[in-house]
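*Asks:* Listed below are the residues making up each chain.
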Amino acid sequence: MPRVPVDESQVARCREHAAAIASDVQKYIDAHTTVGVERVVLRALGVVGVDDQGVPMVNALVDRLHGADVLRFGASYAIGASIARHGGDVQEAAERLAFGPIEQVRELFGEVGVPSAEQIVEARKALEQPTLDALARIDGARDQRLALRAAHAQQAQPGTPLKYVIVATGNIYDDAVQAKAAAQAGADIVAVIRATAQSLLDYVPEGATTEGFGGTFATQDNFGIVRRALDEATVRNGRYCMQTNYSSGLCMAEIAWMAAVERLDMVLNDAMYGILFRDINMCRTFVDQYVSRRFIARSKIVINTGEDNYLTTADAVEKAHTVIASQFVNEAFGHRAGLVDEQLGLGHAYEIDPKIEDSFLMELGQAQLVRQVFPRHPIKWMPPTKHKTGDIFQAHVHDALYNLVGVTTGQSIELLGMFSEAIHNPLLMDRYLSLKATRYVFTTARHLGDEIELKPDGIIARRAVTVLAEAEALLADVRVKTIWNAIAEGAFADVKRTRTGGKGFTGIVERAPGYMNPVLEALEAST
Amino acid sequence: MHPTEAKLLRAYGDREGDGMVQMSFTLQMPVGARGREAAKRFAEAHGLKEPIISTMEECAEGFTYFVAYGHSQHTVDVTNLEVPEVEVPRLEMKEIDHRVKTRLARKIVVVGACTGSDAHTVGIDAILNMKGYAGEKGLEAYKSFEAYNLGAQVENDQLIERANAVGADAILVSQVITQRNCHKDNARALVDLLERRGERGKFILLLGGPRIDHKLGLELGFDAGFGPGTRPGDVASFLVHKLCGEEPLPSESIRAVAKAS
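Heads up: the protein sequence lines correspond to chains A and L, in order. Take 1 as the starting number for the first sequence in this note's numbering and just add one per residue. Take 1 as the starting number for the second sequence in this note's numbering and just add one per residue.
Please keep in mind that the hints were generated in silico from the structure rather than gathered at the bench. Treat the hints with caution; some may be incorrect.
What the hints assert, rightly or not - Pulled from the structure, derived: some chain A residues nowhere near chain L, Cβ distances all over 10 Å: (1) A68; (2) D279; (3) D315; (4) H335; (5) L433; (6) E453; (7) I459; (8) A522.
What the hints assert, rightly or not - The following label-pair restraints were derived from C-beta to C-beta distances: (9) A:L146 to L:F25: 38 to 46 Å; (10) A:A400 to L:E85: 50 to 58 Å; (11) A:A400 to L:A38: 24 to 32 Å; (12) A:R499 to L:N181: 37 to 45 Å; (13) A:V340 to L:F25: 44 to 52 Å; (14) L:E82 to A:L448: 49 to 57 Å.
Said to hold, decoys possible - Coverage of chain A stretches by chain L, computed from C-beta distances (three or more under 8 Å per stretch; other residues unrestricted): (15) 188-199; (16) 420-429.
All values derive from a computational prediction rather than experimental measurement. Even glycine gets a Cβ: it sits at the ideal position worked out from N, Cα and C.
Please model the complete structure; the sequences and the hints are all you need to start from.
*Replies:* As structure tokens, then:
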């Protein structure tokens with residue numbers, strides 16, 4: 001691999017800044033819960049179904065507890081205490097608490113609205129087995145997934161970046177057909193793009209869906225449908241095909257759990273993306289991302305972070321350092337949630353204006369820098385989008401250079417560029433042609449990176465040095481300001497958000513003394 | 001009115017009138033002689049004479065990808081095209097600020113959003129945010145503009161409420177997602193809602209997005225439509241001309257590109 005000069009002490013300082021930034025936020029996270037966190041825990045404990053209006057049971061119950069101002073003790077407490085008092089299983093307790101007389105909720109909190117020490121002990125005891133079952137389900141799905149993967153070829157072109165393509169028909173059954181076709185054509189990873197409206201829904205839709213704008217709803221059933229299609233493709237092609245979706249938005253934690261039990265291999269999951277790009281409240285996002293990552297850590301799922309998006313709104317030359325700074329921050333948050341480096345698919349992108357002279361060299365420098373700074377991480381490399389205009393022929397060339405950087409610098413996960421970017425969601429043949437062209441570049445330039453050495457003071461090396469120095473300065477600044485204030489000032493992606501602004505703020509609850517969450521506790525104990 | 005002589009054009013490949021075009025498409029059938037013949041017939045059905053199937057490859061199980069070349073028999077009469085375009089001279093930022101200051105003596109207030117389910121703020125951000133687009137600053141950067149970017153997935157009633165609350169002169173709507181024409185439905189719904197509230201005409205309505213053009217904007221009841229490549233200065237210039245007088249109203253500034261050569 002061509003090396004760029006990297007000052008390891010500077011990298012260490014970046015990590016130290018990021019650790020301080022994340023630790024500051026972690027204090028807040030550990031003192032709060034959210035409606036999303038409580039819902040995922042209920043799902044993990046086995047609460048299923050919807051009410052007669054189609055509202056998921058977990059929403060009905062959490063909203064009721066939130067309305068009664070008792071969510072601060074944890075939905076788990078209510079379930080456990082209700083089982084201890086009335087018997088039955090988790091689902092029966094959930095239905096009782098969601099739909100029964102409100103007295104059945106209030107009785108769990110005594111005269112003063114606070115559970116007694118005895119009630120807490122009883123509730124914990126009632127949840128012991130359901131908690132073990134919850135973990136067993138996650139572990140079972142993980143083991144099944146890893147076994148299937150181990151039994152087949154891992155990728156179409158070993159030694160080159162994994163090829164990642166998207167399908168986005170809006171209809172899950174069409175998605176399944178296209179996913180299989182993509183796997184056959186050489187894709188290693190298939191993502192089903194999510195309907196654009198979903199990130200701001202504070203519930204996860206139920207069932208298989210056939211209508212969606214800009215993509216297909218992420219639902220547990222939909223995950224299962226695509227998984228079955230890709231299992232078939234895996235067996236047929238003799239090569240494992242990975243599935244990914246979006247653990248992001250207001251339901252990022254619930255979707256992480258669904259991904260875990262439906263055997264997804266990767267999820268898009270970022271500590272700050274929702275704040276910056278979907279205007280989700282930052283307090284909410286920080287708590288939700290942590291809990292989502294606890295499930296992901298247990299499942300050995302690889303996350304893909306979203307820094308690449310910064311360069312779609314901010315300038316890719318001026319703001320390249322914000323990407324690497326954010327990668328350090330995502331890494332620090334990830335570690336605090338139990339993720340190991342091998343699960344951290346940090347994102348970056350080939351988005352420099354192609355009209356700029358030597359932009360290819362700058363891209364090479366930046367890509368190589370990320371590779372060296374995060375050597376064990378499955379780096380996710382994203383294609384040009386911003387400067388694609390609809391000229392499909394030019395775009396195909398643009399993607400070829402992107403692919404050349406990807407294979408030369410040894411990126412781990414490469415989302416393939418589509419020449420029809422900026423026109424429509426990829427057609428069947430668009431994906432085929434993109435895979436074909438990528439295979440060509442990866443084959444012809446397979447060992448290019450091993451052959452070349454970079455001039456230590458050349459354009460590529462200097463670019464890398466500059467970007468890392470700027471990233472360090474930014475991290476030092478964010479550390480002093482705290483990330484709350486830095487985001488408010490637009491430090492990332494040129495987007496400004498306030499601490500109490502954005503969507504989902506009302507869904508945050510300060511944990512009360514005695515807050516109970518045995519599933520989360522078990523996840524925290526395991527990594 | 002003098003009837004103009006039709007000017008019929010064919011696609012220009014290598015020489016005038018050869019009509020040469022390329023097509024690529026997928027048919028749900030296997031590779032083979034039958035597939036090639038099917039592709040040829042398909043190309044002919046599109047008016048391509050003597051089509052050549054230059055590529056035939058399996059792109060998925062049971063699907064074949066083709067590239068075809070052929071001489072298109074179709075012509076287009078370019079003498080009677082009606083293409084409304086936003087036609088106001090582009091002004092520099094300085095000139096815009098000067099005109100607004102001297103003629104309006106207050107800031108132009110604009111409220112913008114991606115409406116409906118659309119979560120893609122790239123367009124509205126490019127026009128409104130300080131950063132702007134393609135090296136040109138957005139409306140926030142103008143001294144003469146007060147810009148409110150409400151972001152994504154804003155409901156039409158919220159948008160109107162906000163426009164009223166800040167006393168907006170103009171409402172900017174961005175629509176990026178176009179699946180099943182939802183961009184048209186979303187845009188039309190805003191106009192309908194304003195109509196029902198009796199507030200049609202209260203605001204200048206601008207529509208933007210990659211699949212928007214001025215004609216579509218007008219059809220949907222907006223004062224203008226802005227397509228890909230629109231810069232903040234284009235939008236600012238339009239609003240200055242509209243609000244600072246001495247320039248024709250947009251409805252009058254529409255030209256029909258129909259000049260016979």
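*Asks:* It remains to establish, for every hint, whether it holds in the given structure.
*Replies:* Evaluation of the provided hints:
Every CB of chain L is more than 10 Å from the CB of A68 (chain A) (nearest about 29 Å), matching its label as outside the interface. Taking the minimum C-beta to C-beta distance to chain L, about 5 Å, the non-interface status of D279 (chain A) is violated against the 10 Å cut. Look at D315 (chain A): its CB is around 8 Å from the nearest CB on chain L, not clear of 10 Å, so calling it non-interface is violated. Taking the minimum C-beta to C-beta distance to chain L, about 30 Å, the non-interface status of H335 (chain A) holds against the 10 Å cut.
A Cβ of chain L approaches the Cβ of L433 (chain A) within 10 Å, the least distance being about 7 Å, so the stated non-interface status is violated. Its beta-carbon lying about 35 Å from the closest one in chain L, E453 (chain A) satisfies the requirement of being farther than 10 Å from that chain. Remark: the non-interface label on I459 (chain A) is consistent with the geometry, its nearest Cβ contact in chain L lying 22 Å away (cut-off 10 Å). For A522 (chain A), the condition that its CB be more than 10 Å from all CB atoms of chain L holds, with the nearest at approximately 35 Å.
At about 40 Å, the CB distance of L146 (chain A) to F25 (chain L) agrees with the hint of 38 to 46 Å. Restraint check, A400 (chain A) to E85 (chain L): a C-beta distance of roughly 35 Å breaks the suggested window 50 to 58 Å. The given range of 24 to 32 Å is respected by A400 (chain A) and A38 (chain L), whose C-beta atoms sit roughly 31 Å from each other. R499 (chain A) and N181 (chain L) have their C-beta atoms about 39 Å apart, which keeps the hinted 37 to 45 Å range intact.
As the Cβ distance of V340 (chain A) to F25 (chain L) is approximately 46 Å, the hint placing it in 44 to 52 Å holds. In this structure, E82 (chain L) and L448 (chain A) meet the distance hint of 49 to 57 Å, their C-beta atoms being roughly 53 Å apart. Here the segment 188-199 of chain A counts 4 residues with a CB under 8 Å from a CB of chain L, which clears the bar of 3, and the coverage holds. Counting residues of the segment 420-429 of chain A whose C-beta sits closer than 8 Å to any C-beta of chain L gives 5, which meets the bar of three, so the coverage hint holds.
Checked against the numbered hints above, the structure breaks hints 2, 3, 5 and 10 and satisfies the rest.
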